[in-house]
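Asks: First to last, the protein sequences are chains U and D. Each residue of the first sequence is one higher than the one before, starting from 1 at the first, in this note's numbering. Each residue of the second sequence is one higher than the one before, starting from 194 at the first, in this note's numbering.
It is worth saying that the hints were derived from the structure and are not from the lab.
Straight line, CA to CA, 20 Å or less: simulated EDC-like cross-link-like pairs of lysine to aspartate or glutamate:
1) U:K140 with D:E246
2) D:K242 with U:D110
3) D:K315 with U:D12
4) D:K242 with U:E94
5) D:K315 with U:E17
6) D:K315 with U:E47
Okay, here's what each chain looks like letter by letter:
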Amino acid sequence: MDALADRLKAGDAEAFEELVRTYGGRLRAVALSVLHDPADADEALQEGFLAAFRSIGRFEGRSQLGTWLHRIVLNAALMKLRAKRSRPDQDGEELLPQFTSNGVFAERQDDWGPEGVEDEVARGELCARVRECVAELPEKFRIPLMLRDVEGLSALEMAERLGTTANAAKIRLHRARQALRTLLERQRVGVAA
Amino acid sequence: MTCKQCEVDVHEYLRGTLSAAARAEVERHAAECSACGDLLRRCQELTCKDFVEFLNDYLDGDLDGQRHSVFDQHLSDCPDCRAYVASYRRTMELSVTALRGELAVPEEIPERLLQAIHDSRKQR
Ligand SMILES: [Zn+2]
Ligand SMILES: [Zn+2]
Chain U
1 MDALADRLKA
11 GDAEAFEELV
21 RTYGGRLRAV
31 ALSVLHDPAD
41 ADEALQEGFL
51 AAFRSIGRFE
61 GRSQLGTWLH
71 RIVLNAALMK
81 LRAKRSRPDQ
91 DGEELLPQFT
101 SNGVFAERQD
111 DWGPEGVEDE
121 VARGELCARV
131 RECVAELPEK
141 FRIPLMLRDV
151 EGLSALEMAE
161 RLGTTANAAK
171 IRLHRARQAL
181 RTLLERQRVG
191 VAA
Chain D
194 MTCKQCEVDV
204 HEYLRGTLSA
214 AARAEVERHA
224 AECSACGDLL
234 RRCQELTCKD
244 FVEFLNDYLD
254 GDLDGQRHSV
264 FDQHLSDCPD
274 CRAYVASYRR
284 TMELSVTALR
294 GELAVPEEIP
304 ERLLQAIHDS
314 RKQR
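Model the full assembly from the supplied sequences, consistent with the hints where possible.
Replies: Okay, here's the thing in structure tokens:
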């Protein structure tokens, strides 16, 4: 494990400052990329660091300290984005695909078409819109998605973090992807046609 | 009715969108034509709902050999699931790209923000 992580766990005050100095700048950029408002981004960064300080005891060193922090600050920023848009907290079941009683898709499924992103500017905009959709996910979907897609945790590692079984973690991740897929399709993000 | 048309109609038949006359026509054709009869039977044995439920295991290669080939067969039978799988894969890619990308930006944290974080921690 990271030496800095060990010092943090031991409650070393200088280690906290070092942590903020080392990762603060790029994590601020992460928060800004989600929120597009420096004041909001700074708040999210602050909230993220506080959340990290509180949960450092649970950091197991499975991912890099920086990656772990990235996920926490990104989550704080996404939660703030969601709060700003004051979307009601849905349970997310309505984001899963619907089937008829004999198990076929209730709606005919559309082809999303070719990916069709050529330049870097367009890719940046696309990523911003994807993050907005991730922000809309209810927590129970957003967290497993980020554990996998930001931190790259395995099903077993996710299970430990979520306090569940590996199989349940896999199912949650799968449902999270299905829910995100629905949001992307509704908002025509990454959909060519 | 041609088999090509029937392939489309089998899914609409199961979805329940066909008129009574069109339904009867699918049933009549499926009873006579072994290819379309098999297609209808397969789509009832492994439904889209089952396919989607285990889609992650299928993509991860976690299904056993026989079940995997049943899933392969469904994918070649079913335009809805083909479209769904393609969009699910794109969702996976977009999610990783959008969420992982930012760590490389080198930038210093402003001193006042560092101080604010420091102070807020001490308050808790
Ligand atoms: Zn036929
Ligand atoms: Zn299907």
